[in-house]
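Enquirer: Protein chains in written order, with my numbering: chain A, 1 to 369; chain B, 1 to 369; chain C, 1 to 369; chain D, 1 to 369.
Misleading hints may appear alongside valid ones.
Any copy, or any two copies together, can satisfy a pair, since identical chains are not distinguished.
Claimed, not checked - Below, in silico cross-link-like pairs of lysine to any residue (SDA-like), each with a Cα-Cα straight-line distance of 25 Å or less:
| hint | residue 1 | residue 2 |
| --- | --- | --- |
| 1 | K180 | S252 |
| 2 | K116 | E145 |
| 3 | K358 | T199 |
| 4 | K69 | F46 |
| 5 | K69 | F44 |
| 6 | K69 | G106 |
| 7 | K116 | E5 |
| 8 | K116 | L249 |
| 9 | K116 | L177 |
| 10 | K180 | S147 |
| 11 | K69 | D102 |
In case anyone wonders, no lab produced these hints; they're calculated from the structure.
If you're wondering where the values come from, they're calculated on a predicted model, not measured in any experiment.
Protein chains: 4
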Amino acid sequence: MNEVEIGLTKRAIRGYSFDDVAVVPSRRTRDPEDVSVSWSIDAFTFSMPVIAAPMDSVMSPETAIAVGKLGGLGVLNLEGLWTRYEDPSSAYEEIANLTEEDATEGLQRIYAEPIKEELITARLQQIRDAGVPVAGALSPQRTQEFSSTVLSAGVDLFVIRGTTVSAEHVSQNREPLNLKQFIYDLDVPVIVGGAATYTAALHLMRTGAAGVLVGFGGGAASSTRAALGINAPMATAISDVASARRDYLDESGGRYVHVIADGGLGRSGDIVAAIATGADAVMLGSTLARSHEAPGRGWHWGPEAHHPTLPRGYRVHVGVDGSLEQVLLGPAHSAHGRTNLVGALRHSMATCGYSDLKEFQRVDVIVQR
Amino acid sequence: MNEVEIGLTKRAIRGYSFDDVAVVPSRRTRDPEDVSVSWSIDAFTFSMPVIAAPMDSVMSPETAIAVGKLGGLGVLNLEGLWTRYEDPSSAYEEIANLTEEDATEGLQRIYAEPIKEELITARLQQIRDAGVPVAGALSPQRTQEFSSTVLSAGVDLFVIRGTTVSAEHVSQNREPLNLKQFIYDLDVPVIVGGAATYTAALHLMRTGAAGVLVGFGGGAASSTRAALGINAPMATAISDVASARRDYLDESGGRYVHVIADGGLGRSGDIVAAIATGADAVMLGSTLARSHEAPGRGWHWGPEAHHPTLPRGYRVHVGVDGSLEQVLLGPAHSAHGRTNLVGALRHSMATCGYSDLKEFQRVDVIVQR
Amino acid sequence: MNEVEIGLTKRAIRGYSFDDVAVVPSRRTRDPEDVSVSWSIDAFTFSMPVIAAPMDSVMSPETAIAVGKLGGLGVLNLEGLWTRYEDPSSAYEEIANLTEEDATEGLQRIYAEPIKEELITARLQQIRDAGVPVAGALSPQRTQEFSSTVLSAGVDLFVIRGTTVSAEHVSQNREPLNLKQFIYDLDVPVIVGGAATYTAALHLMRTGAAGVLVGFGGGAASSTRAALGINAPMATAISDVASARRDYLDESGGRYVHVIADGGLGRSGDIVAAIATGADAVMLGSTLARSHEAPGRGWHWGPEAHHPTLPRGYRVHVGVDGSLEQVLLGPAHSAHGRTNLVGALRHSMATCGYSDLKEFQRVDVIVQR
Amino acid sequence: MNEVEIGLTKRAIRGYSFDDVAVVPSRRTRDPEDVSVSWSIDAFTFSMPVIAAPMDSVMSPETAIAVGKLGGLGVLNLEGLWTRYEDPSSAYEEIANLTEEDATEGLQRIYAEPIKEELITARLQQIRDAGVPVAGALSPQRTQEFSSTVLSAGVDLFVIRGTTVSAEHVSQNREPLNLKQFIYDLDVPVIVGGAATYTAALHLMRTGAAGVLVGFGGGAASSTRAALGINAPMATAISDVASARRDYLDESGGRYVHVIADGGLGRSGDIVAAIATGADAVMLGSTLARSHEAPGRGWHWGPEAHHPTLPRGYRVHVGVDGSLEQVLLGPAHSAHGRTNLVGALRHSMATCGYSDLKEFQRVDVIVQR
């Protein structure tokens, strides 16, 4: 075990982030064209292992459709601007124009608007009409309230996403969501998280989830560590959750629960590191928020940013790198690693001699110092 | 042991600061409302494990009262501006207006004013009149001179705070304070420190102290390391002192001496890390100096900053983050981790599935790389 | 083994870069004049262990000749500006004048011009006429297409250089270069790379290569790590490849394959670190791009910078440090470690008491922390 | 052993600098007034363990005298401006006025002026007339040429100081200095260095040296690491040389050779770290160059800065912190750790409970992470 002694009464494990690890080519190379980056979960197959994060800066119904058409999975945030406002464009406009100083209070105010069930239905219908897989996300706090609306509207994949989601939530004042029963009762696959440890993930897998999101919102716009002292260095978290995947596969007699990296994926090299440490797919936020089509207008923020009493994220200016297609599939006209993300993954796999994602999880990695 | 070899003749232990550690959620989560952050020392119970540091930038009689009313413990510096000046407002004004270049010399001059015993009495009386627990602090150098005045005035808790306080001070020219005898003779609980090692803390515990302050003034305004080469990475120091607490509990047949983190607690995540590594409570300086009510007017400095011949601290500009209530209890309208400190602690404990502070000392922690 | 556990399912080796290591003088010192830095590969002997990188910012036919006359080996890029343009001066001019924003697209456009075989012949002839060793480089992708032209034109050393070159390239759509057969058929020594691991290098050595380039373009102008997640901390890579050199020497019954560090050599101290960890020679890019004679006009870029769909390098401004002679042989009139590179290597070897390069590979090294 | 594997063929030891280590107070404290910082070497006793470095920015005959009167040892550079120029004030003026760009070439030009033997004699006589211990320094390269002049003029301590000085210098073209014979023939104690390893120092001790300088010019103005790839993390170097001191003490039947830290001592905390890891005294450069009296006029540079072909140091602007007395003995009116250096050492020793320098070499140290 990679354990250190903090002091006489406390031990800790040592964690590694994407920045700490890199992959290492070896004796064989391949043509990038021969590499497959396709990914399947439940009955759905995607030509890239990319899920667009249910964040308002990234996903509108239109961008969810666009991501689907490019071969990935777009997930709409079902408790965000698109279900609070009939026409959220002025809310987006306002967010883009908030001063640095007023950003958090502005977000708190804009998100105080109630969620409308009919908008949940309408937004999902719009995506379904486009003929791409339909996916929507709720936080665990809202899942009980709105899940029946979501299911009536119809989704292909249902995402329950919070900073931390556990299989066992304890509450003295209300009946908490029984995740296992809830998933059992649904007839759509559920992706749930964040989780970042072997134990947390194993229990989530036992609820029947089809996929587990790894991470605690550790992305570009998060201050979870500063505010809560919680951190999950991503490379370690993914490897630990991948270990739970393997053990649960055995325990369940063959259920393969997908491990989806969610956070810290700002450059294509981070996506490489995520797969290399065990992820099956990645959920992307800030890189997609940088596309022309993203509704955020060059700004990026997550749901933690507008918590009414304890905001733990920022609205950050990310700018625009290119079209959604350029961001995902290229061509890149810059070397910063934020465009042609899928091409870079493919190229890196080819350079290391691998031909599919599952194999690439075994590539050799190096830690610098 | 986490030991390293500096060279052929020198070994060292490896220390970790709050920045190095983070807590890790696991399989269970909780509602923040179900979490208790209350803390008791001697006969006193507080609704939050927060002591306001006896620093002139933080504590006036009014802010000591305000902290008490919010559920924490305010400690007045009994050898600072409030006991040197009948009306310290012009001294505060002058400090706020010192140029960067003149700051240290200005502080040395302003603090050259003698301490008045009658002001000690008056300030403590003012706090007592407000009906909150009364606490005052002296440095070990001044304790013998002024303690009888303090005791006559009446305090509920007495704090002896220096950069380093040991159970055994040796002097060739004067009779040093016999801490054990002194504490024995008092009939109020004493909190004493800083200390940062198992041995130093164990000896302080044996003097009869009710609490030990951990740290050497390692906060935002300190240059102790640059000037003296002394350092105490806080996570390690707390864990080591917590080990002394456990051993002394056994040795004494049941005396539980409280471990109070004092230094480096600039964000709520640091408070989480302090409890997670073994602290019972925290003493806060710069974060409270950032409140509207703080007497420092947006500036922060400690007693080391005005040492007449060897200053080891700075007057630093910290600005204002919100009211004392917002800083401690929220709501936060920013994500920087400097407001709603207690709410963040509560939230972090809930996310990790813990329901009281004592249990939370056992939470899993991770070190990044 | 210097292995770390990233998580429960993933181990990694720990790598060190040139910045991490330094050499340590010991009990003996020497006069720098008594130190030999000469280097021989195949039938060629050089008075310095320096190869100029086949990059358009560094090498023109004239600078290849100049490096040869100073005692090193210049290698012309045979698929760069000099073989695409009859007179490349306006292309250089244009590159120097690109704005930061347009740099990558501009390079992509300028390098879209086809390669002309007759220019390959003419450029190599020009170098041969000057009486210095003739060396040219192709990427593995172009080697099959242009190697016969190169061989007809005549080279003394042939360099196959890509980000990653393996002994076994797999392709479903075309017959890949059979490196072993290719090298066997040639009657000139071949230097090939980059490679960065024991295994990759050992297989390259088995193809019959005379030298192996170590590194993945990790230099000043590269973003390989950000884009591809691939990294090769140079000190570790060199040491591992030196291990392959030793094992292959035994396996082959005496063939000594030269290990040439290629990347991260921005200061003379890095060259020292490269030899100290096992390199026989170094391939220099940015330091030579900083010479008056370099065709890049104060700018530096590599072939990755103009990849049509996945650029992984930048055009960076490096300025001018002095003449090629000053950069290589001094005298230095600055202390930045970018001039008198060979003098500094000689001085460092003398200070550590060594008299030739092969011995200096055994010098003691230290890692800071 | 604190050894790491750089790669398959290379191991390294891990080194620590002053920044990495800090001392840790324990169970006892003391009054600073009760602490002795006196230091004796050969027949000379100093009230502080401080040697002023033989650098032209630090030492003039006047400042050598002033340091002596304050209780330390001033060492004049006998091959610097004071022995090249009858009146060096215009040289100092010129150095202070060189532009950043011309600094190195300017120093090379100014130091091209030959050394005059009569000036060596005159400068040493001036110091002797003031009644303080007389010490002068030569580089190993100049020692043979000028030592007889120095000895005729009369010195109490003779310093041979270079970047690296070994007991065994090998030269093919000239008879090198036989250090052992040279020291044997002298009747004054010799301090010699830099050295940074056990082996190098042990051999220097065997030459009969009274003290060994530890370090390779690793100070504020040095670029030795960038240029030569040579580095000696100071805490490790001191501890290793202290180990040689102990072994040589045994081997020689009682000769105690002093270990003098030379380099990286920019703040009082570094001086603490130097003693704490085993040094007997410290040689100070940049901190003294910051005094009013220093001849450098707010600039600092070492002999490496004007090497004619391979400069490895910079002229850096350091400004002025106070009088020589304030720098060494206080009072400090700033918290940056660059004034009251001796007071800070005394205070740190007292805080850790130690009463003399030799004991303080055993203080507990901590490495942060």
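Enquirer: Tell me, which hint numbers fail for this structure?
Expert: Hints 6, 7, 8, 11 not satisfied by this model.
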